[in-house]
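If you want the building blocks of each chain, they are given just below.
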Amino acid sequence: MNLLSAEHLSFLYGNRQALNQVNLTLSAGEVVALIGPNGSGKSTLIKLLLGHLSGSGVIRWNDRPLRHWSHRELAKLVAYLPQSPQTDVDQRVVDVLRLGRAPYLGPIGLESERDLRIVQQVSRTLELDELLNRGIDELSGGQRQAVFIGRCLAQEPKAMLLDEPNTFLDIGHQLELFKLLHRLAKEQSMAVLVASHDLNLAASFADRLILLSQGRIVATGPAEQVLDPKILSQTYQIPIDRIDRPGKPPLVFPSFDR
Amino acid sequence: MKRWGIAQLLLTVGLSVALWLAVALGCVCVGSTGIHWPAPGQWAYRWEPVILSSLVGAALAAAGVVYQAILRNPLADPYLLGVSTGASLAGYLWKLQTISTLLGALGLGTGAVSQQFFAFAGALISVAIVLALSSRRGRLEPLTLLLVGVIVNAVNAAIFLLISTISRDLTAVPTFLIGGIQTNLSQQQILAAAIAVAIGWMILMWIAGHLNTAILSEGEAQSLGVRIHRLRWTAMVVASLITASAVAISGPIGFVGLVCPHLARLVVGSDHRRLLPISTALGAALLAIADAVSRLMIGSAQTWLPVGVLTALLGGPFFLALLWQNRRRMALAGGMS
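Protein sequence lines, in the order shown, are assigned to chains D and V.
1 is the number of the first residue of the first sequence in my numbering; add one for each residue after it.
1001 is the number of the first residue of the second sequence in my numbering; add one for each residue after it.
Okay, chain D solo, but in the shape it has when bound (with noise of 0.2 angstroms):
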């Protein structure tokens, strides 16, 4: 069974048509990357599929409908990290892993022994022992991403949905994050939808790839095969190029003259 399935999604923002008629499943353990120019509907696709946008088509999240869950129930099923998660001055990276359990809190926001058990466990898997102090604003891009992903771990989620989490990192820190998504989704089970511009990344760690362009899917499936230099130049409108390595994803890039 799916976790999620979603058909004929389609969206409209004022007379344009930023999502048509997609498609989408995902299943527990696997990773999916969505590619795609700006403005192909990767966050609009996202957002609907966590009911912060709603549009046309049928969405089920283990098999109910989308309108079916309560926003808290849904919570504790998936999490969502946007491309700039909100933060407060004052914020410590523990209170920041703590908002993690808000769907779990009972009245008075009260926390269980189980909340401040997963809050410890998820800083140790995460290696941020050492920054729970620390405030949220003091810390490197890629040690806040982390909290971030922190922060959705809390929640308990069987499904992250990430949008563009490696825009503001740095070519090691990108590769760091990727690995630990694939980690979490072998390891934890965890299904992982992840929109990113870095082709390469999301062919080496995804198990699939779903390419957009205007709001459609114009390819779908292994890297070898949605990597096609034919279809990205046409959707990126920019020449590609490909270089295959035998047993590894192929390495694409523009291929472009001064």
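A few of these clues could be false.
Unchecked claim - Here are some chain D residues pointing at chain V (derived, C-beta under 8 angstroms):
| id | residue |
| --- | --- |
| 1 | L77 |
| 2 | A79 |
| 3 | Q83 |
| 4 | L99 |
| 5 | P103 |
| 6 | E111 |
| 7 | E138 |
| 8 | L139 |
By construction, these hints were calculated from the structure, which means they are not laboratory data.
Predicted model, so just to flag it, every value in this text is computed and none were measured.
Ideal Cβ positions, reconstructed from N, Cα and C, are used throughout, including at glycine.
Dock chain V against chain D, hints included.
Structure of chain V alone, referenced to chain D:
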């Protein structure tokens, strides 16, 4: 890392009450003639201004925490948002002969509850105008918000002065412009305000855990299971209610709602489950001290310095310092969604 369980809750609330009680006891010893332990017969009237100022201070400080959280603006304050003057104006209108006759004729009563209701309506109308004028496509611009608040305050004051001049009754003018703790209130007025503030505060405390998510974007809060619109509206209405209840008995006292949340944040950080009780206690304690000091400074049986003068003198520079500190951040952010 400590768990926020029932023990932590009780400890925090207990500490807050103890903090306030210590200050309040000290303030009871302050009379208009000096500082000394009150004689047995003096307790009742020594307690009254302390209780009243504490009630008003607590309400304003709690409302300040909530406004700052839901508007994601460290400069938000019931006074600056125009809520206070709106409630004061409506509270004043309620006292007018024509209005009370009309209310009596309509069978709506002229008691303390209907005064509270009037003040609440005034607060909500003001806050609705401020929010409507300072939001653009659902986004609240922090600086526009403050400017609109200032203008709504000015208009409320103008309407008040116009009416009081026409009705040739200028006795209420000082209290409207700068609030103070009056000791000529009826038991019902005090009780109605105290009950409204207590109920409002408990509702705010109930949602305090979720107020922590109010700093997040809509999508983030929703994906943490929080119905953010409902939370913001509940918090806004309840904060306006307790502001209105306090202002109905004191007039607009500025800066308490701005300063106390920031002081509390320095002590307990940004977690609203701690911030709300501690800030409330600080508000109660600080206004009780300010009121005692103002009575000590210029006090006699006939006249006293409205406590709003003192809070404005101390709070004004604090606000400017805060504005200075936030200038860069707000210039960079450009606006809030």
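Violations among the numbered hints: Numbers 1, 3, 7 and 8, in rising order.
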